[in-house]
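Assemble the whole structure, with the sequences as input and the hints as a guide.
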Amino acid sequence: MRIIDDIQVKQNVYITARERGKIVARREGHNIFLNTGREWLATLISYASFSPDVFENEARVRYMGFGIGGFRQLALPTANASPIGGAGDAYRASYSQAGANSQTDTDPTVTQLERPVRVTGTTNDYPTNTGDRWVEQIQAPPLHDPATTTTFRRLFGQLEVNYAPYVSVPLSEIGLFISDANPEFAFNVPVAYDTFDTLSKTSAFELEVIWTLSF
Amino acid sequence: MNNVLILHRRHGKLVDYRELHNVWVDNGRKYLAKMITETTFGSPIRDDRLKYFGVGIGSVNRTGMVTSPPFSVSYPAGYDPWSTTGDVYWKDRPLGPEIQTLELPVRKSGGSLGYGDPLLSATDVWLFSPPEVYFTHQTSQSVTAHAYIDASTDVVYSPFTQMPLTEAGLYTDGVHNAGGATPSDVAVDVNKPYSPLVAYVNFDTILLDSNSTVEFIWSVRFAP
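Quick note, the sequences are listed as chains E and F, same order.
Read in order, the letters of the first sequence are residues 49 to 263 in the working numbering.
Read in order, the letters of the second sequence are residues 4 to 227 in the working numbering.
Take these hints with a grain of salt, some might be off.
[What the hints assert, rightly or not] If you want a taste of the chain E side facing chain F, the calculated C-beta under 7 Å gives, among others:
1. Arg86
2. Arg108
3. Val109
4. Pro190
5. Ala195
6. Thr199
For the record, the hints were derived by calculation from the structure and aren't laboratory data.
The structure displayed is predicted, hence computed values, not measured ones.
In this text, a Cβ means the ideal position worked out from N, Cα and C, and glycines have one as well.
Structural data, given as structure tokens:
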């Protein structure tokens, strides 16, 4: 971390897939703290007014969500095929707000998961159905070890991000969201983002995400 | 990229300026790590924000008259958390020793007793509070503190006919570690000399007299 002048936020994301407790796949990477995150931090540490003191922003990190977008989607034919991403399918790339698997984790201007997938819910196509859950709460409280870092965790169970008719969901992007996000809305704005080589989620395994921000 | 601009004016005319980098100290990093989180959903771990500003005459830039009375009597070295000689703190080496407070803070207003005096007045004011310091967003990814010192009423007062400023700090209104060799949590208190800070800067001496005004424009930026 450069300690002079600017505050830099470094990240590390670890995604571990376990089947009956055994590690079957693992992804490690650095994500990017997005411009939206920096704007959030700038308002988070400020008062809007004094006497009485009024917070400018009270939102904290609360959610994680997955997607099948991003430039590292290696199983693109699967991601674009029925029932996931074909014409009229749930996560179709042709939806107006979705992207064409081009987002990178080096571009701070990213403002959404490119092709978010439900954690739980229905199978209707974008944008959403009432009751669908697109992002889910992280474990609270997070860890601070060392004290200048924050580590968020979330265990996505066997039946999360996996439900009929999606027997295998080719995950390739992940986002970290603050408490302003609406879990029932597909295209929330993340504060941090990462893309990774496709990790196909089936009901056979759980996904553990460990996401550390260092200041 | 510089993020601290200090403008010194006498009778309204610009007579000196400094343009330099700050350091976001370890306490500030710990503050951010906790600030973004919740103990349980809806219950933030901490809720303090940037609010105060303070100045001092310590740091490696300390020179000359600070070793003479009345400075040496009112602001004697050795009362900071590391018991330094008053000329040690340096923003380019914030961990040697770890900068947690100003090294030789000076009063905004009050009396002239020394730091360690048991009669040190609880009404002495050591930090600048809103509206003397206020905050803006000069860019969407930064917070800028604007602090204004009018030395005709603040910092310079009898028996201090001049004040050689060499350091400054930014503070939240919360609790931070300020224990030095024996760490402990201390709340920022405008009526106490040694409050824990989150950002620090030291600079070549700016010599205030009662005709001086000093404006600090201090941006905290979140880098790509």
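Verification of the supplied hints:
1. Arg86: This hint holds: Arg86 of chain E lies near chain F, its Cβ roughly 4 Å from the closest one there, short of 7 Å.
2. Arg108: At 5 Å from the nearest chain F Cβ, Arg108 of chain E passes the 7 Å test, so the hint holds.
3. Val109: Result: holds, 5 Å to nearest chain F Cβ.
4. Pro190: Hint on Pro190 of chain E: holds, closest Cβ of chain F at ~5 Å, below 7 Å.
5. Ala195: Where the cut-off is 7 Å and the nearest Cβ of chain F is about 5 Å from Ala195 of chain E, the hint holds.
6. Thr199: violated (9 Å)
Figure legend: structure checked against the earlier numbered hints; the only hint not met is number 6.
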